[in-house]
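*Asks:* The primary structure of each chain is shown beneath.
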Amino acid sequence: MTHSPLLAANSLFKAFGPIEVLRNIELEICSGEVHAIIGENGAGKSTLMKLLSGHLQPTRGSLSINGEKVALVGPVDAEKRGIVLVHQEILLAPDLTVAQNIFLGRELKRGFTVDDRAMNAGARDAMRSLGADIDPTRVVGRLSIAQRQLVQIARALLVPHQLVIFDEPTASLTPVETEALLNVIHGIRAKGVAVLYISHRLAEVKAIADRVTVLRDGQLVTTRDAAELEPVDMARLMVGRDVSKLYPDHAARESEEKVLEAEHFSVPGYVKDASFYLRKGEILGFAGLIGAGRTELMEGVVGLRPSRGTLRQNGMSVRFNNARESMDAGIVYLSEDRKGRGLLLAQDLRTNLTLASLKKFTRGPLIDKAAETAALDNAIVEFDIRTRRKDLLAGQLSGGNQQKLLLAKMMLLSPRIVIIDEPTRGIDIGTKEQIYKFIARLAESGLSVIVISSEMPELIGICDRIYVMRESRVVAEVTGERMNESEIVVHATGATFEEAALVAETA
Amino acid sequence: MSETTITVSETRRSWKDVDLRAVAPFVALAVLLAFGTIVNPNFIGIDNLLNVLTRSAFIAIIAVGATFVISAGGLDLSVGSMSAFVAGTMILFMNSGAVEGNLAMLATAMVFAMGVGALCGLANGLTTTIGRIEPFIVTLGTMGIFRALTIYLAEGGSIAMRAPDLRALYRPVYFGNIFGVPVPILVIIVVAVIAAFLLYRTSFGRHVIAVGSNEDVARYSGISVERVRTLTYIIQGLCVAIAVLVYVPRLGAATPTTGLLWELQAITAVVIGGTALRGGVGRVWGTVCGAVILEVVGNIMVLSDLVSEYLIGAVQGAIIIVAMLVQRSLSRRR
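Here the protein sequences come in this chain order: A and B. Just so we're aligned, residue 1 is where the first sequence starts under UniProt numbering, counting upward by one. Just so we're aligned, residue 1 is where the second sequence starts under UniProt numbering, counting upward by one.
Incorrect hints may appear among the rest.
What the hints assert, rightly or not - With a straight-line cut-off of 16 Å between C-alpha atoms, the simulated EDC-like cross-links for lysine to aspartate or glutamate are:
no. : chain 1 : residue 1 : chain 2 : residue 2
1   : A       : K206      : A       : E179
2   : A       : K390      : A       : D348
3   : A       : K339      : B       : D216
4   : A       : K339      : B       : E215
5   : A       : K339      : A       : E177
6   : A       : K437      : A       : E382
These are computed hints drawn from the structure, not numbers from a lab.
Turn these sequences into a full structure, and let the hints guide you.
*Replies:* Given below as structure tokens:
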């Protein structure tokens, strides 16, 4: 580690109007280190990142690169100075090829035409240096999420860089893919480049970071060597209180009553011959890699996708042709894609809340707006939705509050079976705890819950029983003692126990 | 208490930025009215204004229907041709003498026209939803079909009402007035009131906005996207038919040029009125205001010598672009 920092922030302040989101941030990032920034949603992580990458300018304070004071006027300026940002969302053109995407806006030319051969070769080299062997002429829309992420990283690294900022790069990756990405980051560090790493996943931070900076409520709490901190310490520093008990107590009720059963259930193209059952008052988990068919299985069950096979609810054979029919039967599905399929981001909270259960809010042909407003007031209290104003649009809420709003929306249907897909994706630890408690309460009140999650600790922490899916099939059911990470990874990947143990350790 | 003050100031701010876009078309209309008065004092006369409103009726009524289609994320380019087709078939029906008695005949013909309009809308709706084809393409196709069918029925010429006494009976629907208010203006108001009720107060209206806002969210919320979209096209067809009911007594004929470029004017009115072309926002009264703006601009151009009235189309075209720019800048301010 060199003594003079590559990038230093000197008492940075950032305010949006009267609201100060960052206060007095002092930060030093050195070449050849992985510096992690952790904090709850709204702690100011992304604002800080935007300041460092030139997307925003500080209200007060300054940045210096190699000891020299600079003002970054925009992301292009930051890139010129060697600071590149790998965005959390995949920002690639799905219809262009890997090479075309990597060189988008900086195409190699030969005379007046683009030099496809040189770009394909360049893209292949760039992908190889990340340890990936992806054909540069493949269309990006056909790649997996993890592969797209690598393309995006390759694109960012194409410019000469001294500092690479990763914004929650593993948010939608599976443990195996995460492992591969962490290796890529190790490689980048080995070249003497500084890496700024933002993540919610503390185990991962522990595995990769040299130093950790904790933000809370717009202030820097501490910067420490990662070796000194265990994940539970990090969580405590982030939240400002003890969170060692993230998962609520939940004793499985001894009910043998099966409320939902699927036999030889198939969703063409996604799920083959799946069989499972759900008991009353049970929290049932579905584990597996992304793309294993978990989401599609549940969408098939609730009628959002065409399906074949037998489905029984309370012993009676049922078939749902659309979401309305399954809702009427008391089954709700909360999509993993909150922004794309769960909520109308451009509409207000009230409209979103009552959308699925509008019938309850009509008198004759009229919508009863007073009843809607009352329902919103109720939901805000019951689900602890934190909103500055009640006329805010759903898109203006933080991820955690959007999830609470989506829960509130679906609970208005008074369901008997609740299926939640990735309940805590992109949600901070404080809100996670609330959502786990809520799920446990549902089960205790006699409802049955199915949770799909890619976070194994979460499934193990809250579920009574877990099914594991791999490549379109339900391959295992684990309960009790066997509900541990290495067992699940073995089934989810088809790997051997030794390999699985390695992955589970780092994931 | 400090908390109370914050709430108050924030409510005020929200009031300002939410309403700006809804109010913009009415401000524009007020400015135009003032401008027209300066250019030619005759403009603001009550007779002239009633005349302008009356002539805006066809576009206003059709555009109210288009507000539903566009709010739900669709588009209907066929409304102009559909108007000609509905008018042509309605007149042919009246000429056939299928019903005894003039009043009964007129009433049946009106119901017949509404039926034809609804069927045309249903065809558009089912082709886009069940056929899963872009509404732009579908309605571009039906635009050609309706137009050609009209020309075919008219054998290249025009279709005129034959019975003079029936014409005399029908005439007041365009030329008559109730307590001094021309009938077409009353029709605009009735259609807009019903439409506003549907869009703002019923669950169907809420579903229209949801579908236009995000089809997937609507589907995952248990809303039948196909049904909602198809219904908006039927509403559009009914609105076209109502506009035709007012149009036919004006000339008593349908010609191959009936309704030519009405689709452009209707879409312009909707956009000027503040409805988002990508769906998810619908403003019925804004649409009516937009249709009136189009007619007022034309009227000012006729009454003044500023710009040749041959350029009306160009000015209307410029208005839609300016309206979009204004909408964009207002939405950025949010």
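*Asks:* Run the structure past the numbered hints and jot down the numbers of the failing ones, going up.
*Replies:* Of the numbered hints, just 5 does not hold.
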